[in-house]
Every structure is written in C-alpha cells, then in structure tokens.
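Asks: Each protein sequence line maps, in turn, to chains A and B. Using this note's numbering, read the first sequence as starting at 1 and increasing by one per residue. Using this note's numbering, read the second sequence as starting at 1001 and increasing by one per residue.
Any given hint might turn out to be false.
As the list claims (entries may be wrong) - Keeping only pairs whose Cα atoms sit at most 25 Å apart, straight-line, the calculated SDA-like set for lysine to any residue is:
#1 A/169 x A/202
#2 A/169 x A/120
#3 B/1357 x A/214
#4 B/1423 x A/141
#5 B/1357 x B/1325
#6 B/1357 x A/391
#7 B/1364 x A/214
#8 B/1116 x B/1104
#9 A/89 x A/44
#10 A/169 x B/1398
#11 A/431 x A/462
#12 B/1357 x A/120
#13 B/1357 x A/162
#14 B/1364 x A/391
#15 A/89 x A/178
#16 B/1364 x A/109
#17 B/1364 x A/411
#18 A/391 x B/1422
#19 B/1422 x A/145
#20 A/169 x B/1493
#21 B/1357 x B/1467
#22 B/1422 x A/119
#23 B/1357 x A/202
#24 B/1423 x B/1368
#25 B/1364 x B/1325
#26 A/169 x A/208
#27 A/169 x B/1396
#28 B/1423 x A/145
#29 A/169 x B/1385
#30 B/1422 x B/1374
#31 A/169 x B/1266
I should point out that these hints are in silico values taken from the structure, not numbers from a laboratory.
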Amino acid sequence: MTRRAQLLAALVTVMLMTSLAAWAQDPPIAASPADIVYPPLEFEPPSPEESRTELPGGIPCFVVEDHSVPVATLGLSFRAGSFDDPAGKEGLASVAMQLLRMGGTQSMSPDELASELERLAIDVGASASSRTLTVSLSCLSEDLPRAVEILAEMIRSPRVDEGRLELLKAQTLEGLRHRLDSPNQVAQLYAEQILYRGHPAARIVTAESVAAITVDDIRDFLSSALDPDSLVVDMGGDVSRDRVAELLAPLLQGWEPTGFQPAAIPSDLDPLVPGVYVIDVASNQAVIIATQPGMSRHDPLYEPEFYALRVANMVLGGGFSSRLTQRIRVQEGLAYVVGAQGNSNVGYPGQQAMVALVDAQSAARACQIMAEELTAISTTPPSPEETRRAKQGLFGTWVGFFESPSSIARDYAALLLDEMPLDFYITWYEKTEQPEPEVVMEVVARRAPASEIRWVIAGPADMLTAEPGEGPSLADLGPVTVIRPGDPTGPVALPE
Amino acid sequence: MRAACPTRKWAALIGILACLTAPAWAWTLDVEETTLSNGMQVMVVERHHVPLVSCQLWVKAGSANERPGATGLAHFHEHLMFKGTQAIGTTDYAAEAALMERQDALAERLSAEMDKDVRADLELIGELREEILQLEQEQREYVVPSHLDAIYADAGADGLNAGTSYDLTMYTVTVPANRLELWMWLESDRFSSPVFREFYSERQVIQEERKQTLEDDPMGPYNELLDMVTFPECTYGREIIGTMRDISMLTRSDAYSFFAEHYVPNNMALVLVGDVEAEDVFAMAECYFGRIARVSDPEPNRSRQRRDIGERRVRLTAQAQPRVDIRYITDTFGSPDDAVLDVIGGILSGESGRLYKRLVIDEKIALGASAMAHGRMVSGSFNLSAVPAQRDGHAAVETVLVDELRRLASEPVAAEELEKVKKQARAGLLQMVRGNDMLATMMGYYWVYTGDWRELMATVDRIAAVTADDIQEVARRYFVDSNRTVGWLEAEEVAE
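Turn these sequences into a full structure, and let the hints steer you where they fit.
Replies: Below is the structure:
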C-alpha cells in the first residue's frame, strides 16, 4: 500500500468510525415508516398512438422499441378463434394453430422447420383463444429478418402434415383423459359449464370432436381465418420502427383478404340457477368456486362499474390483508389459497368469483364466511381505509403493465382488435381510483349479490353433503345438487 | 422527527463501488455491487424506463439445511416472515409476548405427547391444540392483521412474495421507485427482529398447503417417492415443504433457532433492479441493513449423495398422465461438468432434439420427452422424462432413453447439434434478463450457488467452450446403470 493510500485508508476509517458513532447515538433512520418523506413520483406511460404505425395494406402495427437487450419480438393477432369451431369439430382452431407451429411449410418438412427454428434459437408460438388467433415469435435481433421469412412461410404456405396431425390428436386425447385428475381442474371446468351453459364459451373439446378434425378442415380454417383484413401486428424490443415495413414485406406482400366472418357471440347467458353444485371427486380437499356472471367489456356501464368491482375484489380477497384471507386463512387456518376476482370478456359477460381451497370438512364453514363477507360488502360500504388501500395496492400493477416493451405493444394490439379504447391501460389507474366506498357497495349489491352465487364445489360428495353435527351445512346456501363426472374425454352432462 | 439517512456521500466511504461487466460477449450486464460492513452483499442494476424497482432479498438456506425431524422449517419462514416485527403488526408487543410464551409452553407439552406416537394421549393432544389456538385468538386483540402487506399495498407495491427451494429462500416485492427507503426500512426491520406471531394457526395453513400441492396433486406422491429414492443419503431427498408429521411438531423456538443460524447478513444478499441509483441503494443499505450484526457463518450442508450405489426403481399407479423418469446423480451447480450436462440436456431436448425425434416422431412410442441437468449446492442430478404413448409402453420408452444416453457416450455429437445448443444458451439468457424481476432472480440464484452474479454470464461462456469429446467423457462418467433411479408412473384406468 502506498503512503498516500495508507493516509486515505486511515482517513476513511476515522470518518467511518465517526459516522458509526453518531449513528449509534442518533440512528440515521426513520423511527417508523410513517416518518419517511418520499420524493414525488412522475410517470408518463408510453402513448399507444405514438407507438402505432401503419403497414402496407393499412395493417395496424404497434412498435415499442427497447435496445438494451438484443432480443426482438413479433406478434400477429387475428379476429378468429375457438368460437368459430364448427359444431362437432370443437378444438379445430386450437389444433390448426398448433399444426401451423409444428406442421412444416411447403418448402420445409416438419422436422426441417423444427431444426431451423431451434438452430437459430427462434421461439415461435401459435395459439387460439375464444376470439383471437395469435402467432408470436421471439429471437435474437440479428436473426429477425430470417425469423420473419420463416414465419411468412408458416403462415402463407403451411404444409399441414398428416403425420403431425395424428400426433397432435394423440397428445390432445391424452390431455383430455387427465383433465379431471385434480379437484382444481374439475371445479374450474364445471364452474365454466354451469355459468356458460349453452353459450359458445361452454363448448368443450371431446375425444369425438378431435377425432373428426381432418387435414382439409385445417387447411380451410387456416386459409380463411388468417385474414390480413383483421390482422394487428405488434413488435417490441430491439427493433427499429423505421424498418418494420421493410422487415415484414416477405409476410405481407401479396396477401389477399379472405373475407372471413367471425361467428356472432351471444351477449346473454343462461346459467344454471343459483345453488350448490357438488362435483363428486375422490379427494381430501374441496375446491370452492363461488361464481356468477361478471361484466362484458362492451357493457355501457363497464366504466365505472367494473372498476368498482375490482376494488371490491381487492377488499374481499386481493391480498393478505383482505377480508376473506384474514378470516379463512389467517384466523381460522382453513385454507392456503383464498381469493376473489373478476374478469371481463369482450362481447359477453366474464366471471365474478370467490375461490378457496380447503379441507373438505371445512368447506361449509369457508362458504359461510364467503357468503357473509359478500353480503357485508353489498350492504355496508367498505371503510375508507380499505378502499384507499385497495386502489393504491394496484398502482404498482398499473405501472408494471408498461415494464415490458413487448408486452405493452401486444396489449395495445389486443385493444385495437377488441375494439376497445386505446387509452385503456393509460387511464386504468385513474379509473381504479375513482369509485367511492358507497359506489363499491352499490355496484356489488347490483352486479354480484350473494343470492346469485353458483357454489361449485369439487370434493368428496359424501363428506360435503353429510349432515353436520354442529356448525354450518352446504344446504344453508341453497339447494344442493350432486354431479358425478363421467368420461373425462366426453361432453359434460349438467342437470336440467 | 427523524435524522436524514445519508445517501450518496456514504457510498464513497462504505461501498466498493464497481461497474463490472462480463467478458466475451458483445452484450454486457452492468451490475454495481458492494459488500456492507456486516458482510451482506448488495447488487444493483439501474434501469430507468419505468419508475419501479424489483427488490429481492436472498438467503443461502433452504430445506436442504434442515436437520432431520424438523423438515419444513425453511419453507415455514416463507410464511412467518410476513407476520411482522416488534414494530409492525402489533398494538402492544409486550402483551403479545406474554401470550406467546404461554402458547410455546403448551406447544412443548404437545410435542412431547405427540412424540409418544401410538402411546400418545389423543384427548390431551386435542385439548392442548385447542388451548394453543385459543391463546392465539386472545393474542389477536393486539395483532394488526397482515400489517406488512397493508403497508406495502398503501405504497403501491406489487408482487409481495417469497419462495423456498432446497438451498435458498428468497423474498421479493416490486415497489414504486420513490419507495425505496420504505423497502429498506421494512425489510431490515423484519430481517433483524421478526416476530413469529400466529405461529400455530399458520402451521395449519401449511398443512393445508401440503395437502393441496403435494398430496392431492396426482403427481405429488410419485415425485415425493422419486426424490426420496434418488437422494437417499442427501437432504435433497426430502420435499421442500417438509413431512406432515414434522410440520405438525414444529415449534416457534425451532423457527427462531433456524432464523438465528441462517438469516445472518453474511449469508444474505440484496438484489435490486430498476429505477434506482446504485449509490443511493448502497448508502441506504448500509444505513438500514448494516445495523444487523454479523455472526459466524452458518454450518454448511454436509450431506452428499454418492454416485453408483446401484440402480433403484420406483413404480406407482395414480390417476395421472403416465410417465417414465430416469435420474442420474451428477455434480454440483457450477462445476466443470455442469456446463457439459447443460449441453447434453439441450441436445436431447426440444422438437429437433434426439429424444423427441426418436421417441415421438420416428418410433411413435411417446407423446413427449425432455432432459435437463439440475445442479445444486452439494449434489446434482440429470433428469430425463417421457410420456409413453401406450399405457403399457413404459419399458419400450425406458429402453430408448437409456440407449440415447449410451449413444452420447459412444459417438461424438455433430457440430451442428453443439452449435444449436450454444446459441440457445445465449439467446435463452438474453430472453430472461429482459424483465427486472427475472434478472434480479437470476442474479440472486447465481449468487446463492456460486457466490458471484458473474457466473450467470460465465456459464454461457463455459457452454460455448464445450466440445464433442467433453460430452462423451461426461456421458461415460455419469450415465451408468448403477448410478440411476428409474421411475414409472402408471395411469389408473379411466372410463371412456
């Protein structure tokens, strides 16, 4: 060590000791969190309009650049989905998209396609939701031009390999055989069936419907449903907005509209009547989904009422300090998982639900607490403190929407495809902050009353329906119907 | 009134501020790091695109560090650390302490009675349990429920959570950037003097969690058995959550002992990624976390799993998808062989990988297959798994899996296969580091296992250096019959 360094070290030591001595007498930290003074926080989310551009043919595209990591993403979303599956061929959209991913192209066999994608570490996904077909890719930005070329071939000239279709059918059938293996899966499937009875959202894939899908069905579906007229593109990461049109030329050039018309979606539901539906499965545990119709994103009162329901769900089951978690998990130790949540769908109602996974013997007690708390919040406004916390607790969630450039570009594309306002995420927190406690109460009372709950409980029916010696019984909640699941690969039979 | 927590000027005194980059790549990761005066590591990556910061605290202690008979303690901390401190979660800590002392005395009696096993007085056990829970109920008068969660919610934080693994436990939350000091306050408070209130009711919650995640999961008992048989001499053979009996016997005193031994600053690290200045983080960390006294390093896990102790087999029938698993005991995380085993996993896996091509595409005897290296602190394993296409197809699938490993030992792999895996390793890392949370997680993970975040990047370099000869040598060393455990999960017949 040089003399100068020794001197510096000694000085540093003396200063450090002085500082530590001062800290020991008068800790330089806040006495409590309330004493901390926070600097102001300013955040201007990236505007969807600024990231929007138009590709040849008038195709809308959202680009959010981020050059910090040499990875780029591309997403293509089309207005078509499983709601467009023909009757008797449920699963077509999903199988078609999977085959698009793994079925090869006119110039590449399935094996060659897989090898080329993996050689370049290009990650491609293709999937179908109820109303949207999505193809996405992620790769090193240096490989993006080649990735687009491959994607163009996959979409514009898919091979639809018969051998791969048979493999997909076998994989799908194996999945169907095990879709009722756990009480959680059973409860989710039956909650959807009971709520969306007769609606396209309740159509499910069966062994029979998968077996009926042919290569020609898939060719016809892909050639019509992948319609550039409904296409919205998103790009994110290490990609230049100025180069997007040139980059996507191999995909877009000469792509003619197909005139695909998505199926109309009924906006109303006809669920089974409120009551208790016990789905009999062999298990020590019971999975409770207290479900009822939620809101459609196109409901004229979506704003502000969905936001009021969101605040209610936070108060009821949005975190450790929420009412259901406190009573069911913390105070009574009945469950590990407890919560309340609501989702909205585009064009038809979503689900409003409370959920708990409990020991089967405690199911009635957990349901009783859920009913009490839902009734309480629909008759007495949540406290100002609960309401404020519920709203502020969503601030980080809101800013988090904008953390990933790829995700926000995709979210903007989805808004456009769903005919939602493009400032949906920009104003999301502002709208969340608005509902007052009285409004929260009034909306819950009207939109999600306890009397409308369908108590879907997957667990051992004999234990769940036994007369209790003391304490609550499921029969206290309404008429009890026991459903015994049949063949997991077949359709779901519900009581009339 | 509070004294200001010194910020930037402290950094010059207490931190060895370094902007370090990893070699050999065009892309670098800029990490600033320091070691606090008590030995705690602090790592920061500044990212300023959204005003959020992912804050993680890592502890080098997990389920593998538990002593026999007290399994589940590491995971129990994942719950207990949210119960508050002497300052958070209470209106009268002194009154609480008196009640907790009485609970603990009863719990000792309860454990002693339960230890009698078949000779235990069940009535007394029931009474003691009831009495303990009654005292916890009395304690609630002084408890502010889920206070920590509520403070974070008020601050707009998101994703408050924790996770436990074999060799580590991590605590995470994302806070708005202006709430950095709040995070410092709350975390340094709970990691210096936590209060494990509501211990016995939380024990019930964990028992419910075990039922839900392990016992009622169709795969749970199979995985538990397979782990036990794969690692009979090593603490990795136990499930992270612990055995049901051990959980039911754990006391608050056991938990405090584990905390005192492992939750020491010289065994912990802070990782922050987001909209912060590293200098501010270092200064605040010294101020807040620096007050936790350094003590001796915890006793390391001395268990090891020997290789080549003879083939072991597990066979179970359950209502689950059939599987074949083969596991070989290998070396530790970050060892020279670990990178080679990573490459072998890449060569075998994926749609263009050897297992999928042969088992699924060519021979059509499986519906899926994969392989992966799992290096850990004291022993590792190389795991292969496949889903037989036929219910009785386990033997044929097992034969091919073993044959593919023999091929690796006897024939050099093709240059293209090697290049593919090397590129995938690089791309995979870049994909993962895009998000703040994931980057923080990767850095923390590598710190736990290697003591240095740089290994995150160096691993890719080591993979890049792997040769065909290395693969043959490593395959010959590990993939021998006497070093493996084979598992068959056979599916129960379901009605179709």
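Asks: Determine for every hint whether it applies to the structure shown.
Replies: Hints and how they fare:
no.	hint	verdict
1	A/169 x A/202	21 Å, holds
2	A/169 x A/120	28 Å, violated
3	B/1357 x A/214	24 Å, holds
4	B/1423 x A/141	13 Å, holds
5	B/1357 x B/1325	18 Å, holds
6	B/1357 x A/391	51 Å, violated
7	B/1364 x A/214	20 Å, holds
8	B/1116 x B/1104	19 Å, holds
9	A/89 x A/44	47 Å, violated
10	A/169 x B/1398	23 Å, holds
11	A/431 x A/462	46 Å, violated
12	B/1357 x A/120	18 Å, holds
13	B/1357 x A/162	16 Å, holds
14	B/1364 x A/391	54 Å, violated
15	A/89 x A/178	20 Å, holds
16	B/1364 x A/109	17 Å, holds
17	B/1364 x A/411	39 Å, violated
18	A/391 x B/1422	46 Å, violated
19	B/1422 x A/145	21 Å, holds
20	A/169 x B/1493	20 Å, holds
21	B/1357 x B/1467	23 Å, holds
22	B/1422 x A/119	9 Å, holds
23	B/1357 x A/202	36 Å, violated
24	B/1423 x B/1368	23 Å, holds
25	B/1364 x B/1325	18 Å, holds
26	A/169 x A/208	11 Å, holds
27	A/169 x B/1396	21 Å, holds
28	B/1423 x A/145	17 Å, holds
29	A/169 x B/1385	21 Å, holds
30	B/1422 x B/1374	18 Å, holds
31	A/169 x B/1266	54 Å, violated
When each numbered hint is compared with the structure, violations occur for hints 2, 6, 9, 11, 14, 17, 18, 23 and 31.
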